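Novice: Sequence:
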Amino acid sequence: MAKTTNYTADLLKLAGELPAKIAELEASIQAVDKRMAELKAAGLIYATEHWRKDAAGEPKFLYLLYPSRAGEKRRRDYVGSDPAKVAEARAGIVRAQEYDQLADQQRGLTGRVYHVSSDLERAHLHISGRSW
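Each residue of the sequence shown is one higher than the one before, counting from 3 in the numbering used here.
Calculated from the structure, these hints are not laboratory results. Accuracy of the hints is not assured; some may be wrong.
Pair ranges (Cβ atoms, derived) [said to hold, decoys possible]:
hint: 1; residue 1: Glu26; residue 2: Ala58; range: 54 to 62 Å
hint: 2; residue 1: His117; residue 2: Asp56; range: 51 to 59 Å
hint: 3; residue 1: Val88; residue 2: Lys15; range: 33 to 41 Å
hint: 4; residue 1: Asp79; residue 2: Leu27; range: 21 to 29 Å
hint: 5; residue 1: Asp12; residue 2: Gln107; range: 50 to 58 Å
hint: 6; residue 1: Glu51; residue 2: His117; range: 36 to 44 Å
hint: 7; residue 1: Glu123; residue 2: Gly18; range: 51 to 59 Å
hint: 8; residue 1: Glu123; residue 2: Lys15; range: 58 to 66 Å
hint: 9; residue 1: Glu19; residue 2: Glu123; range: 12 to 20 Å
Note that the structure is predicted; figures quoted are calculated from it, not measured. For glycine and all other residues, C-beta sits at the position ideal for the given N, C-alpha and C.
Assemble the whole structure, with the sequences as input and the hints as a guide.
Specialist: Dropping the structure here:
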């Protein structure tokens, strides 16, 4: 019995998997975008904690120290010792850190989209008999 060879079978199989993979990538990007919007709406605090100590040397009052900018005095916000205000300030700092991590992830995903798009354009040119 003669074995028949389909030279494009693997190519067709690979091309058939692309729509699902592209949809997964789009869903990942949308999930990251949604979470970033939620974090931004809740409020981001790009500052570090600084605790003023009392006479006994124990942390008493929370201040938020923001990064300094050229030509400006460093911004310091008084939060105090109210547990609810302290918790909210800390939550804002954590949200900002998560936001930055998601922004890095978003850049990676959109970079992947760019590279895959470029590769697909190149593959299309090769299949059609043209080259760059």
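Novice: Evaluate each hint against the coordinates.
Specialist: Verification of the hints:
no.	hint	in the structure
1	Glu26 - Ala58: 54 to 62 Å	56 Å, holds
2	His117 - Asp56: 51 to 59 Å	56 Å, holds
3	Val88 - Lys15: 33 to 41 Å	57 Å, violated
4	Asp79 - Leu27: 21 to 29 Å	40 Å, violated
5	Asp12 - Gln107: 50 to 58 Å	32 Å, violated
6	Glu51 - His117: 36 to 44 Å	40 Å, holds
7	Glu123 - Gly18: 51 to 59 Å	19 Å, violated
8	Glu123 - Lys15: 58 to 66 Å	21 Å, violated
9	Glu19 - Glu123: 12 to 20 Å	18 Å, holds
When held up to the earlier numbered hints, the structure conflicts with 3, 4, 5, 7 and 8 and fits the remainder.
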